[in-house]
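Novice: Each chain, written out:
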Amino acid sequence: MNLDQFKVAPPSVDWITLLPVILVASTGLVALLIEMFRPKQTNVAIIWTSLIGLGVAAGSLILQMGQPSGDTFAGMALRDPASLVLQLVLVGVCFFTFFFSESYLRERRIPFGEFYPLALWSTAGGMIMVSTENLLMLFIGLEVLSISLYVMAGMARQESKSEESAIKYFLLGAFASAFLLYGIALVYGATGSLHLDQIARAYALNDGLTEKLLIFGVGFMLVGLGFKAALVPFHQWAPDVYQGAPTNVTGFMAAAAKVAAIGALYRVLSGAVDLSGTWMPLLIIIAILTMTIPNLIACQQKNVKRILGYSSIANAGYILVGLLAHLQSPDKIGIETTVFFLVSYALVTIGMFALLTLNARDGKEGTELSDFYGLWNRHPLAAGLMVLFVASLIGIPITGGFFAKLGIFNDAVNAGLTLLAIVLAINSAISCYYYLGIVRAAFVAEETRPQPLGSTMPPGLRFTGIACAVGVLGISFFLTPIQAYLSGKDPNAWTNPPATASTGPSENLSSSTTNPSPDPDPDQDPALTNPGEAPPDQPPADQPPVAEPDEQSPQESSGEAAGESEGTGPAANPAPSR
Amino acid sequence: MVPPFFWVAIGFLMALIVMVTPRRALGALSCFGGVFLGVSAGVLLSQPASTWAVAWVPALGVELSLAVEGLRQVFASLILGIGGLIVVFATGYLGADVRCRKLIALLLAFMASMVGLVLSTDPLGLFLFWELTSFFSYLLIGFEDEDPVARRAARQAFVITGAGGLVLLVGLLMGGASASPAAAICVLIGAMTKSALWPFHFWLPGAMAAPTPISAYLHSATMVKGGVFLLFVQDFSKIEFLHPYLIASAAVTGLIALRMSLFECDLKKLLAASTLGALAMLALLATIPGAGPLAFAAVLVAHALYKGALFMIAGGIDHATGTRNVRELSGLRKAMPMTATAAALAGVAMMGLPPTLAFWAKETALGLARPAIFAVLELIAVGAVVVAVRVAFFPFWGRDCVREAHENPPTLWLGPAVLAGLGLLGPLLLMGPPLRPFLSSLATQSSQIAYWHGFNALFFVSLGTIAVGIGLAFWAQKRPEARAPAFSAADWTESLLTRIPSWGSQLSKLVSGGKLRNELGLFFAVAAGLMLFGLISGGGFLLGFRTLPPTFEEIVIVALAALAAGVALVQGSRIAVIALLGISGSAIALIYLAYGAPDLAITQFLIEMLTVILFVLGFARLPRFRSLSGGSTRVRDALIALAFGGMMSLLLLGVLSSETSGTLSDYFLQNAVPEAYGRNVVNTIIVDFRALDTLGEIVVIAMAALGVSALLLRRKSRSTP
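As they're listed, the protein sequences go chains A and B.
Sequential numbering of the first sequence, starting at 1, is according to our numbering.
Sequential numbering of the second sequence, starting at 1, is according to our numbering.
If you're looking for bench data, these hints aren't it; they were derived computationally from the structure.
None of these values were measured; they are calculated from a predicted model.
Heads up, some of the hints might be wrong.
To give an idea of the chain A side of the interface with chain B (calculated C-beta under 8 Å), a few residues [as the list claims (entries may be wrong)]: (1) Phe216; (2) Met280; (3) Leu282; (4) Phe409.
The beta-carbon is built from N, C-alpha and C at its ideal position, and this holds for glycine as well.
With the rest of the complex left out, here is chain A (with noise of 0.2 Å):
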């Protein structure tokens, strides 16, 4: 055996690549520092470093978006339109957090101003875990996102179910990342690589042990991925957790954490793919009982937060429906629709916990359904938000939930999955009861209270909730740009209407993914056959670097991207609307 193949040179390193991430982490300790030092105790100067750091690192992340795709620091971190697109919205989340979390903490006394450089390493974390296909990377990006996480649900240090929901999610989350870590360990023990590519070279060894330790490794990696993002029987956490942490958190933590899981649970399962006619049926089963069962459950809850903290339990159950949709026919069905989903879900989740710490006073947070009794005449504003993002929650036509789960549903019935679709639309006819429980206590129950709750609404707030909205509404429009960007398509191509009124959406999807694109298909040949250039999952379409003769491309698409970052609305311009 010849061993120098040990000996490696040092690894390039794409700084661009890597930016985003440390822009993140290193404005968590600038932010950090100030809060040591910070003058009258106030939080101020962190939130603006925070928000300065965030828009430039979410900046750099939308001028990537011409650039290809490809990983550096051998093979470490990633680029390609799906990780730049969910790192956008992790950073986005963050940012919108920020903008309502201090009056917010104020009102709950708490106003610690650790929590900014804890959300920002959490948002890092989350971070690394959707743009690496390193397994290690991948472990090391959900410690960071997990540690930050346990210490801000337990930052109502005076409130008992805050201190109870950190410990029992800190417990739980030491052993879901004990079976990754083993998972991992299994995985590398089969391949001899940390690599997520290189399983399926030693499931072509057609070695029965390594295949074996390879079922576990994944395996286990699902059962420490599936923590995270929540799934059903994973799950048991998320209510007494959401519930229990403070309300800015809870909604960073069902935005942030679901992307960042959702988005490692991709890379790892299209890794695995050739593994599927073993984890496809249980993942089938995982998707089933993750949207029906918090469904159901949630249907006699009282707290909103832990309605919302069931609610969201359901949405990973869609989110997976869409991702198990694409790995069981990764070329045809591409991931695009998941990602929107996971999209207009960071949206609306955000809107809607911002919306729900209005009623914070006075140390208490009011999260009741019962507080939130004739909020219709307090907030109109905030009571119109809130029958938006329900909506969107349910899926009802123009917003952007209804597209999101219009297109995983499509998805779903595309890749023979029927039954999943049919349980997706029978659960979405489910969550209308407790949806709508939470609209009827804003319009039509009665202020019960003897003395009302406050009526005024932070600006911070204010703004969270109309950009939210505003994305709700608007992403719809969006929607076809994101697609032809992530499956690496001329973003052009969606100015063309539809061919009929007769085709239905099944062909019009397949219509597009045969459009004649300017490279013909000699072009893409060297790009399937460049290692470490795609994945073999990707889409074809995914243009070599080489072979451009289109230098429109990259540019429009990062124009696309630019307007597509006003509805997700990660800092373009966050000074106008303060």
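Once you have looked at the hints, place chain B on chain A.
Specialist: For chain B alone, kept in the frame of chain A given last:
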């Protein structure tokens, strides 16, 4: 030519206008609106065929496309026309009620959605408008929102039709009814929920809790036809494998309708019964190959005309006398002559007597039918005659009414009169020049416009039907006591709906009681199950060992470890448990030592000691163990622990029996001296080959030490004062 979206837009626009109109101007506005809609209906009918489409979300293939042609055109025109009359009627019916504006706005919005449903040619637009009609129907049935019965009925209707809509969406996305059997079944279920065909019929009688204008418009003339319309548009006559089910469903629906028409006494419930029958008839017509749009349109229009009229008449009677019980009403013709005339005209049409449009429509349908369908159609016709006699004639004839009655204002009788008149004059209009060419375009070979079929067998069968129906109607009216129909499907659904939340609570108790212990237990149980699945699914793996006999030291060490672990299980003191686990760990270190790995053994010893110290520090402040779990819980936990531990052991054994590649150690052994100038290979690895890793580890350990000391010092400073 008017672009097709205009017909959808006017309803929504008018609804908006009504919303901002002052209440005083509402009466005049609605009269104007009614006339406008009537004219619109006429204009729509005279339009040439046209289509209109706009892309919405091209990536999902979502677009809106509308078409004005054939049956769609007739139906949409009917919706607009009757909509106009209903708006006028509703203004008179609710009159002074403050909610009148809301009702009319909702009606107009519903009308727009219904036109959209009828004109949509793309799946998504169809689904969107379909659910919109369900939604407005929900709001309109529950219009009396103080009334729990109305709320219940509204919820039930919404759940049934809304869920049906979702199933329909599945079918449409799978390519529509012609694409595959599964898709056809989905479309059929959607259509059956909307059109209240058995077994989804039960929401319709409940929907009669709505104010009468709504029942007249939504639940007889328009919305419920959406389902059968879909069956026709999706060409169910070609999907033959579903015909037996459809015919059976129609037959059962017809029987239920007949039973209701005999045993119900409420005017609106009676009309609802015959609506069920008419819907079953239309569903059957959709299965007849070659029936063509003309026959379908004729039945649809004829039914809408007389049924809309009769509903409004029932509303008028209710308005004038305060009751809808058909047994309490008689002799109203003197007090309400105009209403009585309209009722008589509509009643004649409903019985299917010449020269009405309904007669011709019914004869055409019967002429097309095969024997099985024919029998069902006759059954339905009998039910219709019973209802016609009981609703349109009994209240107005016979001895004088015991109740006070007065003629209604024109807004309340004009609508029914116009509809009934149209029903009567329909055949003349059909023959007339303006509509003739258009209708000819709808006709197929087998359903030509022939008004009179002669004195054939069909004619005498029809006469017999009518005679039987009249006889039954008299029997039903004279029957001594009305039995409450044992109508359980609605109650069953209701109890299902109310039970879902309680399932939720049971489920949440089952799945998690919020106790960390149970959650951890489930976590491990599932993980063990997954491992077992992984093991079984691949057929297990071979464990390969060297089979050397164990030495004495090995036996002693393993026994020590096992004994310590076993005793730890039954100990009551935390410190003792930690100490015992420490012994177990130290035994493992001894094994390392026995197999010649002193460095590993040292590490293991150090870690064991450190762990014990940390635990002791942490546990010193905790209370003693208490017995918090019962016997069965312990057994369960023990089983989970055994399963998980067993699976992990198996896995470890499997890993051990796999061959490891020795390449890395070879590399280090060969390169330790030339590259790192050191003979201790482990040392060169730690400080040279992987120096950066070591640096990182040292940093981590230092930080952990800082953290621990911070915690301990803080604890001390807090506890001392």
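Novice: Hint by hint, note whether the structure agrees.
Specialist: Outcome of the hint check:
1. Satisfaction of the interface hint for Phe216 of chain A is found here, the shortest Cβ-Cβ separation to chain B being roughly 6 Å, below the 8 Å cut-off.
2. Annotation: interface hint on Met280 of chain A violated; nearest CB of chain B at approximately 11 Å, more than 8 Å.
3. Annotation: interface hint on Leu282 of chain A holds; nearest CB of chain B at approximately 7 Å, less than 8 Å.
4. Because the smallest distance between the Cβ of Phe409 of chain A and any Cβ of chain B comes to about 7 Å, under 8 Å, the interface hint for this residue holds.
When held up to the earlier numbered hints, the structure conflicts with hint 2 and nothing else.
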